[in-house]
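Enquirer: Chain residues, written in single-letter form:
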Amino acid sequence: EAGVTQFPSHSVIEKGQTVTLRCDPISGHDNLYWYRRVMGKEIKFLLHFVKESKQDESGMPNNRFLAERTGGTYSTLKVQPAELEDSGVYFCASSPLATSTDTQYFGPGTRLTVL
Amino acid sequence: GDSVTQMEGPVTLSEEAFLTINCTYTATGYPSLFWYVQYPGEGLQLLLKATKADDKGSNKGFEATYRKETTSFHLEKGSVQVSDSAVYFCALGFGNEKLTFGTGTRLTIIP
Chain A
299 EAGVTQFPSH
309 SVIEKGQTVT
319 LRCDPISGHD
329 NLYWYRRVMG
339 KEIKFLLHFV
349 KESKQDESGM
359 PNNRFLAERT
369 GGTYSTLKVQ
379 PAELEDSGVY
389 FCASSPLATS
399 TDTQYFGPGT
409 RLTVL
Chain B
8 GDSVTQMEGP
18 VTLSEEAFLT
28 INCTYTATGY
38 PSLFWYVQYP
48 GEGLQLLLKA
58 TKADDKGSNK
68 GFEATYRKET
78 TSFHLEKGSV
88 QVSDSAVYFC
98 ALGFGNEKLT
108 FGTGTRLTII
118 P
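Listed in order, the protein sequences are those of chains A and B.
What the first sequence shows, in the working numbering, is residues 299 to 413, in sequence order.
What the second sequence shows, in the working numbering, is residues 8 to 118, in sequence order.
Okay, chain B solo, but in the shape it has when bound (with noise of 0.2 Å):
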C-alpha cells in the first residue's frame, strides 16, 4: 500500500539556520503530495501542496518540489524563525481519497 517516510526527529536548529525535512513516498500512481504543519495547541492546517511532478509548492517561505525520479518530497526553507516551531507532517492523497501521513516531525527554533 501507499506510505509515506520523512525524517525522524526532533530537530533544533538555530534562528536563521536552513532547514531541510526529508520525505519519501511509496505510491501506485501520481499522487498529489502535501505538508501539513501543527503549530503548537492548534490543530493541522494545510503548508503547501503540488499535485504533479516537478510543482513546486510555496508559503511562508516554505518550499518543496515534488520529484518523481526520487519519490520525494523535501521541505526547504532558508531561514527559518523561532515561530516556524511545530509538528510537520507530509502526507499523500489521490483526489478526495484518505491521505497517507509521516510519523510527522517535531521541529524547535532556538533564538
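Just chain A, same shape as in the assembly (with noise of 0.2 Å):
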C-alpha cells in the first residue's frame, strides 16, 4: 500500500511569490490534514478535512493560504503571497475514517524556503 506522498520535496522561492504543494493520501483515508514545523520548533497543526469538507480549519495563519481538496482526494495548500515567515516543513497526513482509529500516518513533508 503506497503512503502519503507529497510534492514537491524541495522549493525554494521569493518573497512576494506563490508556492502551491500537494498531498496525495493513503487510497481510502478521508481525513487529511495539514502540519508545519518552522525553524525546528514544534508541529504545528493548520488544517483537517474531511473527503472535500474542512472540518477544522483554526490552525490557519492567515489568509495567505489556501487549502483545498476538490473531489475529497488529493489536497493543495496555495501561499500567495509568500512571506519569509512561512519558511518551514511541511507535512500533510492522513487517516481513516472509523471513529476509533486516532493513528495519522504522515508524508515526508516539503521543505519551503522562502528568500
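Please note that a few of the clues may not be correct.
Cross-link-like lysine to aspartate or glutamate pairs, in silico, DMTMM-like; alpha carbons within 20 Å at most [said to hold, decoys possible]:
#  : chain 1 : residue 1 : chain 2 : residue 2
1  : B       : K59       : B       : D91
2  : A       : K376      : A       : D322
3  : A       : K339      : B       : D61
4  : A       : K349      : B       : E104
5  : B       : K84       : B       : D61
6  : B       : K63       : A       : D400
7  : B       : K67       : B       : E22
8  : A       : K342      : A       : E312
9  : B       : K59       : B       : E104
10 : A       : K339      : B       : E49
11 : B       : K84       : B       : E23
12 : B       : K56       : B       : E104
13 : A       : K352      : A       : E366
14 : B       : K56       : A       : D400
15 : A       : K352      : B       : E23
16 : A       : K342      : B       : D9
17 : A       : K342      : B       : E23
18 : A       : K342      : B       : E104
19 : A       : K342      : B       : E15
20 : B       : K59       : A       : D400
21 : A       : K339      : B       : E15
22 : B       : K75       : A       : D400
So the derived label-pair ranges between C-beta atoms look like this [to be verified]:
#  : chain 1 : residue 1 : chain 2 : residue 2 : range
23 : B       : I117      : A       : S351      : 22 to 32 Å
24 : A       : F305      : B       : Y46       : 36 to 46 Å
25 : B       : Q52       : A       : Y372      : 20 to 30 Å
26 : B       : T35       : A       : K349      : 25 to 35 Å
27 : A       : G338      : B       : I117      : 18 to 28 Å
28 : B       : E22       : A       : Q315      : 23 to 33 Å
29 : B       : P17       : A       : F305      : 22 to 32 Å
For the record, the hints were derived by calculation from the structure and aren't laboratory data.
For every residue, glycine included, the Cβ atom is placed at its ideal position computed from N, Cα and C.
The task is to assemble the complex, starting from two chains supplied on their own in separate frames and drawing on the hints.
Expert: This is the structure:
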C-alpha cells in the first residue's frame, strides 16, 4: 500500500511569489491534515479535511494560505504571496474515517524556503 | 488549550546507553498519546502509542507508559543503537482531531 506522498520535496521561492504544495493521502483515507514545522520548533496543525469539507481550519495562520481538496482525494495548499516567515517543513497526514482510529500517517514533508 | 512539553535537545549518547526522553502533557479529558520519529531525510513515522491510562506502547525496543497521575508519557529504550539517531516527537490527540506536538528532541548516538 502506498503511503502519503507530497510534492515537491523542496521549494525555494522569492518573497511575494506563489507556491502550491500537493498531498496525496493513502487511498481510502477520508481524513487529511496539514501541519507545519518552522525553524526547529514544534509541529503545528494547520487544517483538517474530512473528504472534501474543511472540518477544522483553526490553525491556518492568515488568508495568504488556501487549502483545497476537490473531490475528496488529493489536497493542495497554496501560499500567496509568500513571506519569509512561511519558511518551514509542511507535512501532510491522513487517516481513515473510522471513529475509533486515531493514528495519523504522515508524508515526507515539503521543505519550503522563502528568500 | 492542549499542550505537550518534551525534553529539550539535542541529546547525545553512546551506543548501548539507556535512553529516556521526557514528555508531559496538558489536556482537557483523556487523549491518546503518541511518539513519532523522523529519521534523517525521511518523514514522520509513528513509533508507538497508548490510548488510555496505564497502557504501555512499545516498538523497536522503545517503550512509553501513559501515566495519568503525572500526565506523562516518557520514552525509554534500554540499549540504543546508532540507527536510533533521529528526531523524536511526543504528541497527543483526540479521535480523528488534530494532533498537538512537542518541540521534538534530536537524538544522536555515537559508536
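Enquirer: Compare the structure with each hint and give your call.
Expert: Now for the hints, and whether the structure bears them out:
Proximity of B/K59 to B/D91 is assessed by CA-CA distance (about 26 Å); at most 20 Å being required, the pair is judged violated. With a C-alpha separation of about 15 Å, the suggested pairing of A/K376 with A/D322 holds against the 20 Å cut-off. At roughly 29 Å between alpha-carbon atoms, A/K339 and B/D61 are farther apart than 20 Å, so this suggested pair is violated. Between A/K349 and B/E104 the CA atoms are separated by roughly 14 Å; this keeps the pair inside 20 Å, and the hint holds.
A threshold of 20 Å between alpha carbons decides the hint, and for B/K84 with B/D61 the separation of about 18 Å falls inside it, so the pair holds. Between the alpha carbons of B/K63 and A/D400 the distance comes to roughly 16 Å, so the proposed pair stays at or under 20 Å and holds. Restraint check for B/K67 and B/E22: satisfied, since their Cα atoms lie roughly 15 Å apart, inside the 20 Å limit. For the suggested pair A/K342 and A/E312, the alpha carbons sit about 23 Å apart, so the restraint of at most 20 Å is broken.
Simply put, B/K59 and B/E104 have alpha-carbon atoms about 16 Å apart, close enough for the 20 Å limit, and the pair holds. With a CA separation close to 17 Å, the supplied pair A/K339 and B/E49 stays within the 20 Å bound. Between B/K84 and B/E23 the CA atoms are separated by roughly 9 Å; this keeps the pair inside 20 Å, and the hint holds. With a C-alpha separation of about 16 Å, the suggested pair B/K56 and B/E104 falls inside the 20 Å cut-off, and the hint holds.
Between A/K352 and A/E366 the alpha-carbon distance is near 9 Å, which keeps this suggested pair within the 20 Å criterion. The straight-line distance between the Cα atoms of B/K56 and A/D400 is roughly 10 Å, inside the 20 Å bound, and the hint therefore holds. Between the alpha carbons of A/K352 and B/E23 the distance comes to roughly 46 Å, so the proposed pair goes past 20 Å and is violated. Taking the CA atoms of A/K342 and B/D9, the gap is about 12 Å. The hint holds against a cut of 20 Å.
At most 20 Å may separate the alpha-carbon atoms for a hinted pair to count; A/K342 and B/E23 exceed this at roughly 33 Å. A C-alpha spacing of about 13 Å is found between A/K342 and B/E104, which places the hinted pair at or below 20 Å, so the restraint holds. With a C-alpha separation of about 17 Å, the suggested pairing of A/K342 with B/E15 holds against the 20 Å cut-off. Among the hinted pairs, B/K59 with A/D400 is consistent with the structure: their alpha-carbon atoms are about 12 Å apart, no more than 20 Å.
With a C-alpha separation of about 11 Å, the suggested pairing of A/K339 with B/E15 holds against the 20 Å cut-off. Under the criterion of a C-alpha separation no larger than 20 Å, the hint pairing B/K75 with A/D400 is consistent with the structure, at around 19 Å. Taken as a hint, the range 22 to 32 Å is violated for the pair B/I117 and A/S351, whose Cβ atoms sit roughly 49 Å apart. The hinted range of 36 to 46 Å is not satisfied by A/F305 and B/Y46, whose Cβ atoms lie roughly 20 Å apart.
In this structure the supplied range 20 to 30 Å holds for B/Q52 paired with A/Y372, their Cβ-Cβ distance being about 21 Å. A hinted range of 25 to 35 Å for the beta carbons of B/T35 and A/K349 is consistent with their spacing of about 27 Å. For the pair A/G338 and B/I117, the beta carbons lie near 21 Å from each other, so the given range of 18 to 28 Å is met. Between B/E22 and A/Q315 the beta carbons are some 45 Å apart, a value that contradicts the proposed interval 23 to 33 Å.
The hint said 22 to 32 Å for the Cβ distance between B/P17 and A/F305, and at roughly 30 Å that hint holds.
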